[in-house]
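Residue numbers (the working numbering), protein chains in the order written: chain P, 76 to 515; chain H, 88 to 258.
Keep in mind the hints are simulated off the structure, nothing from the lab.
It is possible that part of the hints are untrue.
When the alpha-carbon atoms are kept at most 16 angstroms apart in a straight line, the in silico EDC-like pairs for lysine to aspartate or glutamate are as follows [to be verified]: (1) P/K275 <-> H/E129; (2) P/K275 <-> H/E132; (3) P/K275 <-> H/D119.
Covered stretches of chain P, as calculated for chain H (at least 3 residues, CB under 8 angstroms) [as the list claims (entries may be wrong)]: (4) 209–221; (5) 237–249; (6) 282–289; (7) 493–506.
Sample of chain H residues lacking proximity to chain P, with all beta carbon distances greater than 10 angstroms (derived) [to be verified]: (8) E103; (9) D109; (10) T148; (11) I151; (12) M209; (13) R232; (14) E235; (15) A236; (16) Q237; (17) G243; (18) E252; (19) R255; (20) E258.
Even glycine gets a Cβ: it sits at the ideal position worked out from N, Cα and C.
Each chain, letter by letter, is given below.
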Amino acid sequence: MPDQLSSYAAVDRQIIGAMWSPRRTYWYFVALSFVGVLIGAACWGYQIVTGLGVANVTHPPMWGTYLTNFVWWVGIAHSGTLISAILFLFRASWRTTIARSAEAMTVFAVMIAGLFPLIHLGRVWVVYWILPYPNQRNLWPNFQSPLVFDVIAISTYLTVSTLFWYTGMVPDLATIRDRATGLKRRIYGFLSLGWVGSHKYWRHYGTAYLLFAALATPLVISVHSVVSWDFALGIVPGWHSTIFAPYFVAGAIHSGLAMVLALLIPLRRIYGFENLITLRVLEQIAKTIILTGLIVAYAYVVEPFMAWYSGNLVELDQFMWRGYGYYWWEYWTMVMLNAVLPLALFVKTIRTSIPALFIIGILINIGMWFERYVIIIGSQAHEYDPYSWGVYKYPTWVEFGILIGSLSLFFFFFLLFSKFLPTISITEVKESLPVPVRGK
Amino acid sequence: MAEKMAVVGVYQYLDELLSALDALKREKIGVDTVYSPVPRHEIREALGLPELGTVRFFTLTGAILGIVSGVLLVWYTSMQWRFIVGGKPPIPIYPAVIPAFEFLILLSVLFNVAGLLIKNRMPRWKLPAHFDGRFTRDRFGILVRCPEAQGETVSGILMKTGAEEVRRLDE
Numbered sequence: 076m077p078d079q080l081s082s083y084a085a086v087d088r089q090i091i092g093a094m095w096s097p098r099r100t101y102w103y104f105v106a107l108s109f110v111g112v113l114i115g116a117a118c119w120g121y122q123i124v125t126g127l128g129v130a131n132v133t134h135p136p137m138w139g140t141y142l143t144n145f146v147w148w149v150g151i152a153h154s155g156t157l158i159s160a161i162l163f164l165f166r167a168s169w170r171t172t173i174a175r176s177a178e179a180m181t182v183f184a185v186m187i188a189g190l191f192p193l194i195h196l197g198r199v200w201v202v203y204w205i206l207p208y209p210n211q212r213n214l215w216p217n218f219q220s221p222l223v224f225d226v227i228a229i230s231t232y233l234t235v236s237t238l239f240w241y242t243g244m245v246p247d248l249a250t251i252r253d254r255a256t257g258l259k260r261r262i263y264g265f266l267s268l269g270w271v272g273s274h275k276y277w278r279h280y281g282t283a284y285l286l287f288a289a290l291a292t293p294l295v296i297s298v299h300s301v302v303s304w305d306f307a308l309g310i311v312p313g314w315h316s317t318i319f320a321p322y323f324v325a326g327a328i329h330s331g332l333a334m335v336l337a338l339l340i341p342l343r344r345i346y347g348f349e350n351l352i353t354l355r356v357l358e359q360i361a362k363t364i365i366l367t368g369l370i371v372a373y374a375y376v377v378e379p380f381m382a383w384y385s386g387n388l389v390e391l392d393q394f395m396w397r398g399y400g401y402y403w404w405e406y407w408t409m410v411m412l413n414a415v416l417p418l419a420l421f422v423k424t425i426r427t428s429i430p431a432l433f434i435i436g437i438l439i440n441i442g443m444w445f446e447r448y449v450i451i452i453g454s455q456a457h458e459y460d461p462y463s464w465g466v467y468k469y470p471t472w473v474e475f476g477i478l479i480g481s482l483s484l485f486f487f488f489f490l491l492f493s494k495f496l497p498t499i500s501i502t503e504v505k506e507s508l509p510v511p512v513r514g515k
Numbered sequence: 088m089a090e091k092m093a094v095v096g097v098y099q100y101l102d103e104l105l106s107a108l109d110a111l112k113r114e115k116i117g118v119d120t121v122y123s124p125v126p127r128h129e130i131r132e133a134l135g136l137p138e139l140g141t142v143r144f145f146t147l148t149g150a151i152l153g154i155v156s157g158v159l160l161v162w163y164t165s166m167q168w169r170f171i172v173g174g175k176p177p178i179p180i181y182p183a184v185i186p187a188f189e190f191l192i193l194l195s196v197l198f199n200v201a202g203l204l205i206k207n208r209m210p211r212w213k214l215p216a217h218f219d220g221r222f223t224r225d226r227f228g229i230l231v232r233c234p235e236a237q238g239e240t241v242s243g244i245l246m247k248t249g250a251e252e253v254r255r256l257d258e
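Pulled out of the complex, with its shape left as it was, chain H reads as follows:
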């Protein structure tokens, strides 16, 4: 099997980065990661990704569990410690709505955060070797993982589309 390598291109301008993505697509070279200091819909669209990620399914799971657990907590505790007040059902219906709502929000948010961390594989205590600190500041970046034989071609495309720096790393 051919040795794999990582090619990283650093860009100052978004339009040049987009033209690089376009050129790589035309050459049928897959892009591993695109870095940017701010979220840009142009990058997502160039990569053909839908707007919303799958974190929302985690949130939905949390919402369902929240309602169920809120209602069950109220009902279970009411059965354990019966607080009989004339004319009122010992297992409350309407008062259960409020704890259920708060639990819905609480568990949705906790699952939302968990989903974000799981999908992004965070926390990550060691940054990847190819990562460049400028990507969180004012530069854009493209990471392509390719066979060593293709490294030259990828570097050429990145340079030609305006990368201010291209680095090649063995993986």
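So here's chain P without its partners, still in its complex pose:
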């Protein structure tokens, strides 16, 4: 039960009240993130006008940081569905106050992830060629390709996450509608679709929400598995491995939970939600990070072990090169930040320290970005034939600008969301309170 909230009306007052009048810091963050969005848009515009050569992508690591960013953002998108769907099915009550923000994070992260294939496409205006539509030459996308699987999986994930997020919000939007006046009332009235909270509404809503969660759970596992097959189905040393699907799913949830920490710790401060997003909630996230960190660590150990144990010299060489070759420091950064650092959360004083959690959240996200960098770029740079080896040296200012733009866009969307929509589920917080009874 959230601290200091004794009645349904108090829940409305706190959550809706925070939306109406955020602190001044909020506006500083909005301005800052908007500047970042403009930087990203300018860099992308420059790349479209000049050509893809302004990025450092070249043979053999053709995918460069754009695909690194894509996989990283898809990964971040995974915690939302984990928290809102999987933890809902497990009846984990600590998810109540963070589920809505995590769902929003999912939606925005998938939207931004979806931009990176477009950015990397160069000629973005022909993106519709990948869609299965009838055309005069009877040309269709190859449905046996994992890249086409990926398009279907990501677009399904975006659709399902958005609908899940919105459906869960409808009763809350009606609550806001019934407290608002004038234009606000009309807008929230429109968005709440005429919700009245009758017993019929709640019954059908409960059924639909349960099924949503049940369907979103296998989806979240499938999406990052499909992303991993973009690599695992390619016969490239360092990629062609059956461990990739669970390895990527665990890594995705790892980075997503870390982003939840990095995002919600400032949010609870800005909106004064310390009594709702309590230290206990943050500690539970930290404990889950220990689990995902251990799975990731297991994958880090098993991959080189299998390369050695299989007797495949090419595979073994790839992993030796990862640890001691051109990308050695990226590799060890990833190992330290993703697998070793989370072990610190076993110590109670660390996992109950808010500054420590915030810093660990950010560092794990940096580590997970490096993981994708090492896997995607490192493997392409060092394939079978030494004649075609070649390294991707560093991202250019255009690539950096686009990465900054994507981060800024994510925060910008999140800030707008937190101003206009309830960041904490009003209904679920009310459900966690004791029901009002006179007790005659």
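Start from chain P and add chain H according to the hints.
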């Protein structure tokens, strides 16, 4: 035919609302709608309704259509644009599983949402005249539609069971 009217009782406490439902049932007066700011299983049980609604049949329909359409899309397009790779069937079996699975989830969810909207008759742009904004905030409500002659009895039951406000509206 007798004129119909709506009687709305507003409650602060759940136990009083449940006692009103019980009293109306004893008097054989049908309850049209019960409003609450949060879902409560006690209300559903008092009304004798099963836990799951019929939305699940919409979802099941979506799931079946999703699998079928996913597989058919892959097979149809493979026939249209034959991509012959040595030793592999032109009509793929295993690769069709992934689009079929994604379509299963996608159409199940779309049908799930459609079912929710259809069963709840949403979107509804005008709220019912008897609806009270407090029902989405912190109050419970009972709506009884009855002949005008029965209005007094219903109001009496609602007042007696602790309603903080009872309104009568002509329908």
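Going through the hints against the structure:
1. Proposed proximity of P/K275 and H/E129 is supported: the alpha carbons are some 14 angstroms apart, at most 16 angstroms.
2. At roughly 12 angstroms between alpha-carbon atoms, P/K275 and H/E132 fall within 16 angstroms of each other, so this suggested pair holds.
3. Under the criterion of a C-alpha separation no larger than 16 angstroms, the hint pairing P/K275 with H/D119 is consistent with the structure, at around 10 angstroms.
4. Here the stretch 209–221 of chain P counts 7 residues with a CB under 8 angstroms from a CB of chain H, which clears the bar of 3, and the coverage holds.
5. With a cut-off of 8 angstroms between beta carbons, the stretch 237–249 of chain P has 5 residues touching chain H; three or more are needed, and the interface restraint holds.
6. For the stretch 282–289 of chain P, the stated coverage by chain H is satisfied: 5 residues place a CB nearer than 8 angstroms to a CB of that chain, which reaches the threshold of 3.
7. For the stretch 493–506 of chain P, the stated coverage by chain H holds: 3 residues have a C-beta nearer than 8 angstroms to a C-beta of that chain, and at least 3 were required.
8. A cut-off of 10 angstroms between C-beta atoms contradicts the statement that H/E103 is not in contact with chain P; the least separation is 6 angstroms.
9. With a cut of 10 angstroms on Cβ distances, H/D109 stays outside the contact zone with chain P, its closest approach being about 13 angstroms.
10. The Cβ of H/T148 lies farther than 10 angstroms from every Cβ of chain P, with a closest approach of about 12 angstroms, so its non-interface assignment holds.
11. With a least beta-carbon separation of about 14 angstroms from chain P, H/I151 lies farther than 10 angstroms from that chain, consistent with its non-interface assignment.
12. Its closest Cβ contact with chain P, about 5 angstroms, brings H/M209 to no more than 10 angstroms, contrary to its assignment away from the interface.
13. At roughly 13 angstroms, the least C-beta separation between H/R232 and chain P is larger than 10 angstroms, which holds for a residue marked as non-interface.
14. Distance to chain P confirms H/E235 as a non-interface residue, since its nearest Cβ pair spans about 23 angstroms, more than 10 angstroms.
15. Chain P leaves H/A236 outside its interface by the beta-carbon criterion, the shortest separation being 26 angstroms against a cut-off of 10 angstroms.
16. With a least beta-carbon separation of about 21 angstroms from chain P, H/Q237 lies farther than 10 angstroms from that chain, consistent with its non-interface assignment.
17. Remark: the non-interface label on H/G243 is consistent with the geometry, its nearest Cβ contact in chain P lying 18 angstroms away (cut-off 10 angstroms).
18. The beta carbon of H/E252 is kept farther than 10 angstroms from every beta carbon of chain P, the shortest such distance being approximately 16 angstroms.
19. Listed as a non-interface residue, H/R255 keeps its Cβ farther than 10 angstroms from every Cβ of chain P; the least gap is roughly 19 angstroms.
20. Consistency note on H/E258: stated as away from chain P, and its beta-carbon is indeed over 10 angstroms from all of that chain's, at 16 angstroms minimum.
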